[in-house]
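Sequence order for the protein chains is V, B and L. Here the first sequence is numbered in the numbering used here, starting from 716 and rising by one per residue. Here the second sequence is numbered in the numbering used here, starting from 1216 and rising by one per residue. Here the third sequence is numbered in the numbering used here, starting from 3 and rising by one per residue.
No lab work stands behind these hints, which were simulated from the structure alone. In this text the structure is predicted, and so the values were computed from the model without any measurement. The beta carbon of each residue, even a glycine, is placed where N, CA and C say it ideally should be. Worth double-checking, as some hints may not be accurate.
[To be verified] With the C-beta cut set under 8 Å, the calculated list includes, among others, these residues of chain B facing chain V:
#1 Ala1342
#2 Ser1448
#3 Ala1455
#4 Ala1463
[Unchecked claim] Calculated Cβ distances over 10 Å to all of chain B for the following chain V residues:
#5 Thr746
#6 Thr833
#7 Ala879
#8 His1028
#9 Lys1078
#10 Ser1158
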Amino acid sequence: MDFEAGEIVALVGENGAGKSTLMNVLSGLYTPDSGEILIEGQPTRFRSPRDAIAREIGMVHQHFMLIPPLTVAENVVLGLEPRKRGLLDLTAARNAVQKTCQRFGFSLPVDARIEDLTVGSQQKVEIIKVLYRGARVLILDEPTAVLTPQECDDLFAVMRELAASGHTIILISHKLREVLAVAARIYVMRRGKLVAQVQGSASNERELAALMVGDARPSPSIGSAKRDRGELLLEIEDLHVPGAQEIPALRGLSLRIFAGEVVGIAGVDGNGQRELAEAITGLRPWTSGSIRFRGEKLRNPSPGELRHRRLAHVPEDRLSRAIIAPMTVEENIALGRDREPPFARKGLIDFAGRRERASRLLKEFDVRPPDAQARIGLLSGGNQQKVVLARELDLAPRLLVVVQPTRGLDISAVRAVHERLLLARERGAGVLLISLDLDEVLSLSDRIYAIFEGRITGELGRAEFDEKRVGRLMMGAERERPPRAPSANA
Amino acid sequence: MGMFPSLFRAALPSLLSIALALLVCFIAIAVSRSDLSIAANAYLQMLWGGLGDVPSFLGSGNWSLLTRAWGESAAKAALLTFTGLAVSVAFCVGLFNIGAQGQMTVGAIVAAVIGAKVALPAGLHPAVAIAGAAGAGALYALLPAVLKVRRGVHEVISTIMLNWVAVSLVENWLVVGPLRATASGDLSRSGTDEILPTAELPRLLGSLSRLNAGFPLAVLSAVGVWFWLNRTSNGFEARAVGLGMEAARTAGIDVRARVYQTMAFAGALAGIAGAVWVLGTEYKFPATLGAPYGFDGIAISLIGQNHPLGVGAAAIFFGVLRAGGTRMQLLGVHKSFPELIQGLALLFVAGRLIWDSVLRRSAKRAVPMAEVPRA
Amino acid sequence: MLEVIEAILFSTLDYAPALIFAALGAVLSERSGIVNIGVEGMMRVGAFAAAVAALVVPTGAAVGAGMLAGAALASIHAYLSIRWRSDQVVSGMALNLVALAGVTFLLETRYSPTGTPPIAQLQRWTVGGIDGVPLLRALSGHSAITYLALVVPAVFHLALFRTAAGLRIRAVGEKPLAATTLGISVSRLRYLTVIGGGLLAGLGGAALSTATLDRFEQHMPAGLGFIALAAMVFGRWTPLGAFGAAAFFAGGNALRIGLASSAPRVLKIVPQGFLLALPYLLTLLVLAAQGTKSRAPASLGIPFEAEGK
């Protein structure tokens, strides 16, 4: 690949296509086994990030490389500190940050701690950090993943300005619309290889998607037939839930889920989705409001109690929340039901019963390899997720809460997961689908709620699905109906 | 490596660590005395001291030459097993129990009080004293567990603090104050009153040896812990909590209950160590605990790779060495020498990734990495 | 009354440096993210090495030997924790056991079971002009280590919060990967802080055997390393905080000893055991009160694996 001064180049590809690895090589974090990097014609070898910085390459990582308890100024100058008489020259540090801020029209509190800033501001700190080091090549890895559309627009403006002043911008993304909007050239990667190079102005989403995936197969469509929904499973009224740092995460949220439907939650990351899932599944207490499950009011339910009532949960963070990597597949399947048949008898583990049930589920869910005694940590992400789904659906759930069920999975695993969710619905379960992938929400749901700042800003039936409108609701730009209860924050 | 049974392969880093520690110490003696034969002799004496004087026995046929040594080794091994298990069990739920020392101290003082001040029939008395010690140790271990779960206080720090709290309060207050032995005649005695004869742990070989019921109890406990962890649902849940706390919680396992229960279990084992020490060896709480048995437990637990049976094996091995250490003194080598071997073995186990890398290179094949316990 | 306070102040200043330096050593190591419960062992080898060296070289130089011994033990900890990503608590504990038994072995082989022969104590300095002033004169008549222990914490504090190196140490202790992306070598920095921590802990140990006493005694440092850890936690991982806590604990200890000799009746009411337990109980209380808000470095105890190796 090649990159020129003053242009914005995008690098697209599916998860695991090798984009981030390539860029980590370019920023000196990884060392390549073979191959060459040429800068202005000179072969260059980076042994550490220090070398890359010296060659004026800077990277803004997807997961911010900021140190939360340090201030903005300290974070920016770290590693290249201005000194005066042996001491850190904080005045110079502040000035340097201010100067860059002014140039790009940012406003940042230089003495604030990173942990007190919004995600959008943190990203600006990252960019300033890179510019402070005199970078002429900026690599931005999935920079919009955590931003609101407003912040995204700001970011794009900054990117264009940087390009105009001679910087090279490398944008890594899988959001094709953004890429098309901002990049002059687009490289497409698949499975560690460069498969195509296209001009941004001469391409479209469908073409890019096809290049990325290899063969573009549509996700299963749920069929538009309007079906009768069953009993009212879950009714949430005016729910208030505190989030991290005691900032309220849910502020009077209300919704209802019936048996036999998939209800999607559409929203930008950080608007209370996680807290909603955790409150419903008993992992997080709420301060006011109510949750009724099949008409019965829940009072500080434990996750175990809810599972007993056949409420299943596929959590967002698979590796830390859904599976125990050092344990075997069958032990993971027994997790939570380890005291009851067929997994146990009289408090003792029933090894034969456990093996039999696990083997059957592995076959049914097409887990590869179908080895119940393999450590689950050694399976691929997609197969791990199938095991999780197998465990949860083996509960014969009445309500299934799934959060980001396909993040990081390959296409075939995504399809398998989607099919399972729809099958659960066919069998009469209610499914609450919380996902940041709007396409996923729109293609699977019978009904969606848009969530913004801890409140439901709108409810749309399948016939009313309209991406633009959903987008506005997600931004809080349009409110379909007033919140049901007066709220101090309203 | 494929030809070795998997059990042996799992134990290999520990075995190599022990071998290396023995070698280093051998060289240390040889160098410090500038005499190889002294070092060789010292090791031989350590062996006969721990296992019994086999050459003399073969010459005389006097069984007590063996049984006496067995009694000493078994007494040490029992203590090490209990404190080692106290650390291993806590590891199961992911907690690093540095506090076995303190839990053992409170267990020992409770056993000493029940043994001396409560009148009970012979069969029941030790059982009640052990139960009391177990309860005290359990409660004392619950404290750091509660601080961890409710307040997020790291258990390593809190158990270290609680060790010294226990030592200060028991040794510098109770034992020298309210519970001080009543002086008889003009002899002022240190420590607490001696326990009643009914409270003593029965000796298994009568007058032949000091071998008491503590050792079989320790072996049974190790097997019991193994059974609990590997065969019961409750033990499975404890392991799940230790290996993936968030996943266990999400799957509906009562994480708090398992942490409290397991930590109390660990403390109870350390408390029993105190009881076995008082009821089987000392017959009172002497002026001080005298040795860092609780810290030894950390070494035994890790050298035994946190496997209950591995802990038992490591405890017996070092019990033998330590009993034999007394005999090394005849050659002018201090009796704490086996503790140095044990400390070095732990240090080498701590660097087990080095072993893994060495073994992998020599085997030219990936050896699956055993779980390194996380603090 | 004034004399009693003066005596207590004097003995605090005599006893505190060991604790202060050990606590600072722990802070230095832990700020960069490496748990250091081996302080006790580092103090022990430091005290022993200094006393042994003082038998042949001037005591001032012997203190340097003590520091080096502490650093040597610390470098094993650093190597295992950094290069091999060993569990830091295990490694520290192992070093404590090795130091305990190893020093006992050497002591018995070379000297006597109770301690080394007496050595020339570090010279005590007289501060001019305050000899006649009550209370203030307690400041006079201590070894250089005491005066050092009053200055070093402030310098260390300044260095940690106001120099580039300090900023880097704090950054590495919080989020080593972020520091790596900025070209900072995490392992190099950690080697330096852990070994530096060993130097400080060794100095603390040396203070015991060359300044507080005039020999190495079998039980040294008798748990002082663990009080130093308490002081570090109590002082919220800052040099001045740890200094304050260490001085406070040392003062409490001097008060206890002072009471035992001058007012034994008080100890009838408040047994010594309670006073001995006090620093630990206070630390536990502070921890319990602060809860999760207690500011331990975020990456403390987590082995760091540089990517792309």
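Verification of the hints:
1. For Ala1342(B), the suggested interface contact is broken, since its CB lies about 24 Å from the closest CB of chain V, more than 8 Å.
2. Among the interface hints, the one on Ser1448(B) holds; its C-beta lies about 4 Å from the nearest C-beta in chain V, closer than the 8 Å criterion.
3. Given the 8 Å rule on beta carbons, the hint for Ala1455(B) holds: about 6 Å separates it from the nearest Cβ of chain V.
4. This hint holds: Ala1463(B) has a C-beta 7 Å from the nearest C-beta of chain V, less than the 8 Å allowed.
5. Every CB of chain B lies more than 10 Å from the CB of Thr746(V), the least distance being 20 Å, so the non-interface label holds.
6. For Thr833(V), the shortest C-beta to C-beta distance to chain B comes to about 26 Å, beyond the 10 Å cut-off, and the non-interface label holds.
7. Here Ala879(V) stays apart from chain B, with its beta-carbon at least about 46 Å from theirs, past the 10 Å limit.
8. The claim that His1028(V) lies off the interface is violated: its Cβ sits roughly 6 Å from the closest Cβ of chain B, which falls inside the 10 Å cut-off.
9. At roughly 22 Å, the least C-beta separation between Lys1078(V) and chain B is larger than 10 Å, which holds for a residue marked as non-interface.
10. Annotated as non-interface, Ser1158(V) keeps its C-beta farther than 10 Å from every C-beta of chain B; the closest such distance is 27 Å.
In summary, the numbered hints that this structure violates are 1 and 8.
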